[in-house]
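Work out the full structure: start from the sequences and follow the hints.
For the sequence shown, my numbering begins at 270 and goes up steadily by one.
Some hints here could point you the wrong way.
[Said to hold, decoys possible] Label-pair restraints from in silico Cβ distances:
(1) Val413 <-> Glu391: 19 to 25 angstroms
(2) Glu388 <-> Gln344: 16 to 22 angstroms
(3) Gly318 <-> Gln393: 18 to 24 angstroms
(4) Asp397 <-> Ser329: 33 to 39 angstroms
(5) Ala416 <-> Glu367: 17 to 23 angstroms
(6) Lys331 <-> Pro429: 26 to 32 angstroms
(7) Ala390 <-> Gly289: 34 to 40 angstroms
(8) Gly289 <-> Tyr316: 16 to 22 angstroms
(9) Gly389 <-> Asp302: 18 to 24 angstroms
(10) Ser383 <-> Leu363: 17 to 23 angstroms
(11) Glu356 <-> Gly289: 33 to 39 angstroms
It is worth saying that the hints were derived from the structure and are not from the lab.
Don't be surprised by glycine CBs; every beta carbon is placed ideally from N, CA and C.
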Amino acid sequence: MTSEYKGAGELLARTANFIGDHLNLYLTSGGKDGHILEYSHVGIPAYLGALLLETYGRKSGKRFVAPLIYGYYNQEWVIIGSKGGAEEHPAWYLNLRERDEVCFQVGTQAFRASWREPEGAERQAVWDYMVGIFPNYTTYQTAVTRAIPVVMMRPIEPVPVFTAE
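Here you go:
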């Protein structure tokens, strides 16, 4: 990282507006804008892909959409539940665990998908791949006692692109 990591709280406060603006751009453009973004605000002077993950609140049933950095590994899309190095899991991950399937959007394509968490050597290989895309994941993992989730998604069928509701 080019800037010193000061913890998840500081990072999330600093990036909250960026995340909201990014999500709005992605949704209102139908994925034409917002798919590839520059991430210097978190110390990575690189352009990275972001997908949209749709989950439903495990208590409220309310729809949530989260923009997340992703990778593509062995024909599956990969996302990481780092929450910027926070000690607790992100809400999207807790909500995801309540369902067998999920919907996600990459650019202008959206899918209903199955999901899973790799284990053992496969998990380590996928983790290493994702650290190659976004090195901050290593910093985040060393900052917490929880194992940061690695989630792999395999499309089942196309669905309409997401919209702002």
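A quick look at each hint next to the structure:
1. Val413 <-> Glu391: 19 to 25 angstroms: Between Val413 and Glu391, where Cβ atoms are some 22 angstroms apart, the hint holds.
2. Glu388 <-> Gln344: 16 to 22 angstroms: For Gln344 against Glu388, whose Cβ atoms are near 18 angstroms apart, the range 16 to 22 angstroms holds.
3. Gly318 <-> Gln393: 18 to 24 angstroms: holds, 22 angstroms
4. Asp397 <-> Ser329: 33 to 39 angstroms: holds, 36 angstroms
5. Ala416 <-> Glu367: 17 to 23 angstroms: holds, 19 angstroms
6. Lys331 <-> Pro429: 26 to 32 angstroms: Check failed, 19 angstroms falls outside 26 to 32 angstroms.
7. Ala390 <-> Gly289: 34 to 40 angstroms: Distance hint for Ala390, Gly289 holds at roughly 38 angstroms.
8. Gly289 <-> Tyr316: 16 to 22 angstroms: About 20 angstroms separates the Cβ atoms of Gly289 and Tyr316, which means 16 to 22 angstroms holds.
9. Gly389 <-> Asp302: 18 to 24 angstroms: violated, 39 angstroms
10. Ser383 <-> Leu363: 17 to 23 angstroms: holds, 18 angstroms
11. Glu356 <-> Gly289: 33 to 39 angstroms: violated, 23 angstroms
Figure legend: structure checked against the earlier numbered hints; hints not met, in rising order: 6, 9 and 11.
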